[in-house]
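Q: For the record, the sequence lines run as chains A and B.
According to the working numbering, the stretch in the first sequence is residues 1 to 282, in order.
According to the working numbering, the stretch in the second sequence is residues 1 to 282, in order.
Be careful, since some hints might not be right.
Identical copies look the same in the list; a pair holds intra-copy or inter-copy alike.
[Unchecked claim] Using 25 Å as the maximum straight-line C-alpha spacing, the simulated SDA-like pairs for lysine to any residue come out as follows:
1) Lys-153 x Arg-18
2) Lys-279 x His-254
3) Lys-199 x Leu-14
4) Lys-233 x Leu-8
5) Lys-85 x Pro-12
6) Lys-129 x Arg-18
7) Lys-129 x Pro-158
8) Lys-233 x Gly-183
9) Lys-129 x Leu-14
10) Lys-129 x Gln-272
11) Lys-185 x Asp-119
12) Lys-233 x Arg-18
13) Lys-129 x Ala-11
14) Lys-185 x His-114
15) Lys-227 x Arg-83
16) Lys-129 x Met-1
17) Lys-188 x His-114
18) Lys-21 x Gly-152
19) Lys-153 x Gln-17
20) Lys-32 x Glu-159
21) Lys-129 x Gln-17
22) Lys-129 x Glu-116
23) Lys-21 x Cys-75
24) Lys-233 x Gly-84
25) Lys-233 x Glu-2
26) Lys-188 x Asp-250
27) Lys-188 x Gly-152
The hints are simulated quantities; they were obtained by calculation from the structure and are not laboratory data.
Every value quoted in this text rests on a predicted model; they were computed, and no experiment measured them.
2 protein chains.
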Amino acid sequence: MESVLAGLLPAPELAPQRLHKAMRYAVLGGGKRVRPLLAFAAAELTSAPARRVEIAASAVELIHAYSLVHDDLPCMDDDDLRRGKPTCHVEFDEATALLVGDALQTLAFQLLAHQELCDAPATQLEMLKHLAIAAGSRGMAGGQAIDLDSVGKSLSVPELEFMHIHKTGALIRAAVKLGTLCGEKLDKPGEAALEHYAKCIGLAFQVVDDILDAEAPTATLGKTAGKDAEQNKPTYVTLLGAATARDFADELHHDALAALEIFGERALRLRQLADFVVKRQY
Amino acid sequence: MESVLAGLLPAPELAPQRLHKAMRYAVLGGGKRVRPLLAFAAAELTSAPARRVEIAASAVELIHAYSLVHDDLPCMDDDDLRRGKPTCHVEFDEATALLVGDALQTLAFQLLAHQELCDAPATQLEMLKHLAIAAGSRGMAGGQAIDLDSVGKSLSVPELEFMHIHKTGALIRAAVKLGTLCGEKLDKPGEAALEHYAKCIGLAFQVVDDILDAEAPTATLGKTAGKDAEQNKPTYVTLLGAATARDFADELHHDALAALEIFGERALRLRQLADFVVKRQY
């Protein structure tokens with residue numbers, strides 16, 4: 001994924017150079033690449049050609065990267081550490097970071113429109129639609145807005161879940177969906193099972209994020225630990241306590257694995273990713 | 001266009017409400033709608049169905065609106081007046097304005113992917129590609145980056161033109177292109193003539209913007225006048241002087257009209273828009 005993304009981002013020598021350097025800085029050299037890995041793992045269910053999955057996975061990862069750059073800006077989370085490096089606006093400047101996020105989002109849609117991703121342009125439009133809905137005001141950006149509004153408030157667990165289904169979950173579900181759309185069509189039960197898997201994994205990812213933010217050291221995380229408590233944000237740890245939050249993550253893990261049973265051996269990578277999402281230390 | 005955009009934007013009652021209200025605030029109730037008008041005028045050359053042009057024109061206008069919201073932020077131009085109203089981050093807050101811009105960009109691509117815009121999905125992908133390239137780091141966002149780098153520097157006229165071809169020109173060209181793609185295919189000479197027209201109009205638009213920024217009062221402009229001089233930005237007025245800048249705009253106007261000759265009467269609206277772009281007072 002690192003070399004794929006490096007090849008798809010504008011070259012650093014290309015004008016405007018500072019913007020292109022900053023775009024590469026924000027995307028390359030770090031990140032767990034969970035969304036691309038999910039796209040590849042899901043693509044194994046539909047025998048999708050690798051090059052197509054590379055493009056689709058990159059588009060999803062670019063949306064994720066843009067959201068991190070904007071999320072770290074002073075007017076949002078005001079963070080200066082990301083993936084163990086200074087955040088984009090610290091390394092460059094705020095205006096450049098703003099444009100980096102903007103241009104990374106555009107590039108994501110450009111990739112999906114430009115490259116041949118499947119056998120039918122109509123399916124390709126469907127991929128674009130899925131990514132746009134996942135990223136927009138009823139998906140990731142909407143989740144961010146709910147997050148903003150929730151600072152200093154006490155949410156219920158269902159309200160917290162609603163926020164995360166949008167903020168993190170939508171893009172994770174899109175990664176899985178786009179991966180499968182690069183190949184042969186899944187049958188309806190397969191589609192439904194995979195959607196359930198993606199939903200569980202998306203939520204588990206956030207529950208574990210909350211646990212790690214409360215418990216892991218900054219050096220392991222590669223981003224500032226303890227930000228949630230410092231910013232008085234409701235999390236699964238503050239609402240449920242650490243032990244119950246861990247139980248919830250384990251339950252989602254179990255549900256995700258159960259949903260994969262109908263796929264048999266072809267879901268090996270998806271199972272491994274479910275394990276990683278729940279057991280990761282960073 | 002006002003009612004079309006109002007219908008395509010998420011309803012204000014829909015969650016997250018504050019974000020959706022802010023998105024509507026940023027797009028509705030103002031704006032010259034030059035890009036949509038250009039899309040409609042160009043669509044008359046290819047007998048495109050009105051509903052399709054409405055969607056394509058809206059997508060272009062949403063990209064324009066997002067760029068204004070981000071451009072007005074404190075870390076960019078730091079402006080508090082736009083279309084005679086407080087800018088989005090003044091009326092709401094910076095974090096919301098950041099998300100508004102992000103979500104408006106996403107919505108633009110969602111519209112082009114979602115709706116039926118032409119008779120072939122492959123052509124629709126081409127429209128998406130055109131808009132993405134026009135908006136991205138080699139188009140509008142790239143032009144903004146060059147603009148940032150040029151503050152306080154002395155540019156040559158060709159360097160200034162290079163900046164504006166990206167910052168303003170790319171999206172204006174995309175508006176014309178998308179309008180025609182909604183209908184029957186243009187022949188090659190027609191395509192080339194229309195591209196030349198769009199290039200001239202895009203540049204003329206910026207030259208006139210520079211003249212108005214230097215000469216028109218804030219009340220007429222609906223945005224803060226004299227910002228370029230205050231921010232020490234190179235403009236056509238500072239580089240050429242007001243009289244020569246006006247001559248340059250007239251020359252571009254003449255070239256734009258000449259390019260339309262091969263279309264005869266069908267280019268009436270495009271001619272009227274060329275007149276408006278050069279003769280406007282705001």
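Q: Would you mind marking each hint as holding or not holding in the structure?
A: How the hints compare with the structure:
1. Taking the shortest Cα distances, Lys-153 and Arg-18 sit within 25 Å of each other only across copies (16 Å), while inside one copy they are farther apart (40 Å).
2. Taking the closest pair of Cα atoms, Lys-279 and His-254 come within 25 Å of each other only inside a single copy of the chain (13 Å); across copies the shortest separation is 67 Å, beyond that limit.
3. With identical chains, the CA atoms of Lys-199 and Leu-14 are at most 25 Å apart between copies only, with a shortest distance of 22 Å across copies and 39 Å within one.
4. Neither within a single protomer nor between protomers do Lys-233 and Leu-8 lie at most 25 Å apart by alpha-carbon distance, with minima of 36 Å and 33 Å respectively.
5. When the C-alpha separation of Lys-85 and Pro-12 is checked against a cutoff of 25 Å, the pair qualifies only within one copy, where the shortest distance is 19 Å, while the shortest distance between copies is 39 Å.
6. Proximity of Lys-129 to Arg-18 under the C-alpha cut-off of 25 Å is restricted to the inter-copy arrangement: shortest distance 24 Å between copies versus 31 Å within a copy.
7. Taking identical chains as interchangeable, the C-alpha atoms of Lys-129 and Pro-158 are never at most 25 Å apart, the minima being 27 Å within one chain and 39 Å between chains.
8. Taking CA atoms no more than 25 Å apart as the test, Lys-233 paired with Gly-183 passes in neither setting, with 40 Å inside one copy and 51 Å between copies.
9. Proximity of Lys-129 and Leu-14 under a CA criterion of 25 Å is satisfied inter-copy only: 20 Å between copies versus 30 Å inside one chain copy.
10. When the C-alpha separation of Lys-129 and Gln-272 is checked against a cutoff of 25 Å, the pair qualifies neither within a copy, at 28 Å, nor between copies, at 36 Å.
11. In this homomeric assembly, Lys-185 and Asp-119 come within 25 Å of each other (Cα to Cα) both inside a single copy, at 11 Å, and across copies, at 24 Å.
12. For a Cα distance limit of 25 Å, the shortest separation of Lys-233 from Arg-18 across copies, 19 Å, qualifies, whereas the shortest one inside one copy, 34 Å, does not.
13. For the homomeric pair Lys-129 and Ala-11, the shortest alpha-carbon distance between copies (19 Å) is at most 25 Å, but the shortest distance inside one copy (28 Å) is not.
14. Taking identical chains as interchangeable, the C-alpha atoms of Lys-185 and His-114 lie at most 25 Å apart whether they share a chain (22 Å) or sit on different chains (20 Å).
15. In this homomeric assembly, Lys-227 and Arg-83 come within 25 Å of each other (Cα to Cα) only inside a single copy, at 15 Å, whereas the closest approach across copies is 38 Å.
16. In this homomeric assembly, Lys-129 and Met-1 come within 25 Å of each other (Cα to Cα) both inside a single copy, at 23 Å, and across copies, at 23 Å.
17. Proximity of Lys-188 and His-114 under a CA criterion of 25 Å is satisfied inter-copy only: 22 Å between copies versus 29 Å inside one chain copy.
18. For the identical chains of this complex, Lys-21 and Gly-152 are inter-copy neighbours only, at 22 Å across copies versus 37 Å inside a copy, given an alpha-carbon limit of 25 Å.
19. Taking CA atoms no more than 25 Å apart as the test, Lys-153 paired with Gln-17 passes between copies only; the shortest distance there is 17 Å, against 43 Å inside one copy.
20. In this homomeric assembly, Lys-32 and Glu-159 never come within 25 Å of each other (Cα to Cα): the closest approach is 27 Å inside a single copy and 40 Å across copies.
21. Taking the shortest Cα distances, Lys-129 and Gln-17 sit within 25 Å of each other only across copies (22 Å), while inside one copy they are farther apart (31 Å).
22. With identical chains, the CA atoms of Lys-129 and Glu-116 are at most 25 Å apart both within one copy (16 Å) and between copies (12 Å).
23. Proximity of Lys-21 to Cys-75 under the C-alpha cut-off of 25 Å is found in both arrangements, the shortest distances being 23 Å within a copy and 19 Å between copies.
24. Within a single copy, Lys-233 and Gly-84 get their C-alpha atoms as close as 23 Å, which meets the 25 Å cut-off; across copies the closest is 36 Å, which misses it.
25. In this assembly of identical chains, Lys-233 and Glu-2 lie within 25 Å of each other by CA distance neither inside one copy nor across copies; the values are 32 Å within and 38 Å between.
26. Proximity of Lys-188 to Asp-250 under the C-alpha cut-off of 25 Å is found in neither arrangement, the shortest distances being 27 Å within a copy and 61 Å between copies.
27. For a Cα distance limit of 25 Å, the shortest separation of Lys-188 from Gly-152 qualifies neither inside one copy, at 42 Å, nor across copies, at 60 Å.
When the structure is compared with the earlier hints, violations turn up for hints 4, 7, 8, 10, 20, 25, 26 and 27 and for no others.
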